[in-house]
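> What follows is the residue order along each chain.
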Amino acid sequence: MNTNLKPVIAGFIPLLDSAVIVAAAEFGFAEQEGIALKLIRETSWANIRDRISVGHFDVAHMLAPMPIASSLNLTSLAVPMLAPMLLGLGGNAITVSNVLWADMAAAGADPEGDPASTGAALARVIAGKQKAGAPPLHFGVVHPFSGHAYELRYWLAAAGVDPDRDAEITVLAPQVMADALAEGQLDGYCVGEPWNTAAVVAGTGRIATYKQAIWPDSPEKVLGVTRKWAEANPETLAALMRAFSAAADWCADPKNNVELAEVLARSDLLACPTEICLAALSGRIRLDPQSVKDVPDFLTFSGGVKAAPMPVYGKWFYEQMVRWGQVEPSEQAEKEVEKVFSPTVYLEALGLTGVATDATIEMFDDARS
Amino acid sequence: MSGGLSILVIDDNKIRASIIEQGLRDAGHDKVIVVHQMEGLVRQISDINPDVIVIDLENPNRDQLEHMFQVSRAVRRPIAMFVDKSDSNSIEAAVDAGVSAYIVDGLKRERVKSILDMAISRFRAFSRLTEELEEVRSELADRKTIDRAKGILMKSKGLSEQEAYDLLRRTAMNQSRKIIDVAQSLVIASGLLGD
Numbered sequence: 307m308n309t310n311l312k313p314v315i316a317g318f319i320p321l322l323d324s325a326v327i328v329a330a331a332e333f334g335f336a337e338q339e340g341i342a343l344k345l346i347r348e349t350s351w352a353n354i355r356d357r358i359s360v361g362h363f364d365v366a367h368m369l370a371p372m373p374i375a376s377s378l379n380l381t382s383l384a385v386p387m388l389a390p391m392l393l394g395l396g397g398n399a400i401t402v403s404n405v406l407w408a409d410m411a412a413a414g415a416d417p418e419g420d421p422a423s424t425g426a427a428l429a430r431v432i433a434g435k436q437k438a439g440a441p442p443l444h445f446g447v448v449h450p451f452s453g454h455a456y457e458l459r460y461w462l463a464a465a466g467v468d469p470d471r472d473a474e475i476t477v478l479a480p481q482v483m484a485d486a487l488a489e490g491q492l493d494g495y496c497v498g499e500p501w502n503t504a505a506v507v508a509g510t511g512r513i514a515t516y517k518q519a520i521w522p523d524s525p526e527k528v529l530g531v532t533r534k535w536a537e538a539n540p541e542t543l544a545a546l547m548r549a550f551s552a553a554a555d556w557c558a559d560p561k562n563n564v565e566l567a568e569v570l571a572r573s574d575l576l577a578c579p580t581e582i583c584l585a586a587l588s589g590r591i592r593l594d595p596q597s598v599k600d601v602p603d604f605l606t607f608s609g610g611v612k613a614a615p616m617p618v619y620g621k622w623f624y625e626q627m628v629r630w631g632q633v634e635p636s637e638q639a640e641k642e643v644e645k646v647f648s649p650t651v652y653l654e655a656l657g658l659t660g661v662a663t664d665a666t667i668e669m670f671d672d673a674r675s
Numbered sequence: 065m066s067g068g069l070s071i072l073v074i075d076d077n078k079i080r081a082s083i084i085e086q087g088l089r090d091a092g093h094d095k096v097i098v099v100h101q102m103e104g105l106v107r108q109i110s111d112i113n114p115d116v117i118v119i120d121l122e123n124p125n126r127d128q129l130e131h132m133f134q135v136s137r138a139v140r141r142p143i144a145m146f147v148d149k150s151d152s153n154s155i156e157a158a159v160d161a162g163v164s165a166y167i168v169d170g171l172k173r174e175r176v177k178s179i180l181d182m183a184i185s186r187f188r189a190f191s192r193l194t195e196e197l198e199e200v201r202s203e204l205a206d207r208k209t210i211d212r213a214k215g216i217l218m219k220s221k222g223l224s225e226q227e228a229y230d231l232l233r234r235t236a237m238n239q240s241r242k243i244i245d246v247a248q249s250l251v252i253a254s255g256l257l258g259d
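From first to last, the protein sequence lines stand for chains A and B. Per my numbering, the first sequence starts with residue 307, numbered consecutively. Per my numbering, the second sequence starts with residue 65, numbered consecutively.
It cannot be assumed that every hint is accurate.
In silico DSS-like cross-links for lysine-lysine, where the CA-CA straight-line distance does not exceed 30 angstroms [as the list claims (entries may be wrong)]:
id : chain 1 : residue 1 : chain 2 : residue 2
1  : B       : K208      : A       : K534
2  : B       : K242      : A       : K344
3  : A       : K534      : A       : K437
4  : B       : K172      : B       : K95
5  : A       : K641      : A       : K561
6  : B       : K95       : B       : K177
It should be emphasised that the hints constitute simulated quantities derived from the structure, not laboratory data.
Pulled out of the complex, with its shape left as it was, chain A reads as follows:
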């Protein structure tokens, strides 16, 4: 190995959207930018947080709201952080048990996964259960500060279901969700791929709706760095983002889908069958074992402007934290959030100029921000 390379240690969780980091290390993109990228697989987001905080990791694959929660001092070992680049957009889905889907279908749920329709059907099922005195439905998400938690809650609330009163939401590791659903511990869950397809292929679950339908082209994972590391290593960070940008473009090219799926499926990475990785990479989603739906932007990797974080994204996550009682709203917090999701460092590193940074957000229920 070239000893002039600058070593960077990156922590990641075995999920499909670790693809950009994996491709950068596996296919030479990091090396081309002068970086020896070493990947360390982790078993929990808590470990990712702790190990980036104590400096074991220079950078990490993180849930988009995590750097915000850390910067707002809402977690253990909280340190000021940045989310200088988006590593993946979309990629999550809400999967329900076959039993729950049968009830939802009877209540008129759209088989194509339209969130307004499936949400309304679920609300009718829940209302029926409440009348009959049945226990609340149990849903799983991967972390309290996650896109998954906020998407599930948003979808439920938009249909008039109070996620705290009318349902129970628990936290489970992504790779055990499908088993928990099969064993009846959960009635549904929101998780990143391939852990929805895993349940569909196993015949134990049905995709009810998905992130791309709830909030199109929305950030899911980010590159997480402590502000301390970013300030001490500005050139390395810029080079790393250029490497990730090239890797993301490679991951986004459909002709690389199979090669990428094969690498990700490896036992030292996701350790799962190649086929279940291919679904989200190719945008051919199996909502149930019989039907395949084309959702070309189900999961997006981008090495261009789309990978730039935008303050409005950070603010959306922050508003959800406020909405669900995770943080007291304050002007100071809002400013902090804008800093975490600033696109400046990324745009400068990539030499992208004249980019509008006033993106708008449009949700499935027509809410705009």
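Starting from the structure of chain A, add chain B where the hints point.
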């Protein structure tokens, strides 16, 4: 120990868990409960009502545990990660050793410091033990490979055991390789050549 703290150890590695349990008991903590599984943990935490929870970092359920502390009605007292920002050394030492600890709110840090220190040192001792075991295992495997290589040479060249070993050693020296590497190549080559 007066007003003994109750300590819950969550570790699915049974040997390591019992090493920690023993250490804590030796230090005078008699209320130590070890659990290996997360299933039904909410109930158990509510029953045990622990003052301190020790968990290994390999455990994929840390996110679940932390969430439980935040929201669960089963946890009667708020529990937070063992964090004292003034003591970054002990945080780093814990993460390095592969262990994390949570304590109930309001508990004096001095009362639990020794528990965390104990967990850290036992985790370290356990990793050293595992490494040593691994070394012994690979040494044994090496010896077996060298024996097989010697056997191949004795059979194919009609050498004595000592002569076969000397030949391996000489070849290794001439090629600046380790004996085990030469032996391995020989075993593989011999396998490929069908004998």
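> For each hint, tell me whether it holds in the structure or not.
The hints, checked one at a time:
1. B/K208 / A/K534: 51 angstroms, violated
2. B/K242 / A/K344: 28 angstroms, holds
3. A/K534 / A/K437: 54 angstroms, violated
4. B/K172 / B/K95: Roughly 18 angstroms separates the two Cα atoms, so the pair holds.
5. A/K641 / A/K561: Since the Cα atoms of A/K641 and A/K561 sit roughly 42 angstroms apart, the hinted pair is violated (cutoff 30 angstroms).
6. B/K95 / B/K177: At roughly 17 angstroms apart (the allowed maximum being 30 angstroms), B/K177 and B/K95 satisfy the hint.
In summary, the structure is inconsistent with hints 1, 3 and 5 from the numbered list given earlier, while agreeing with the others.
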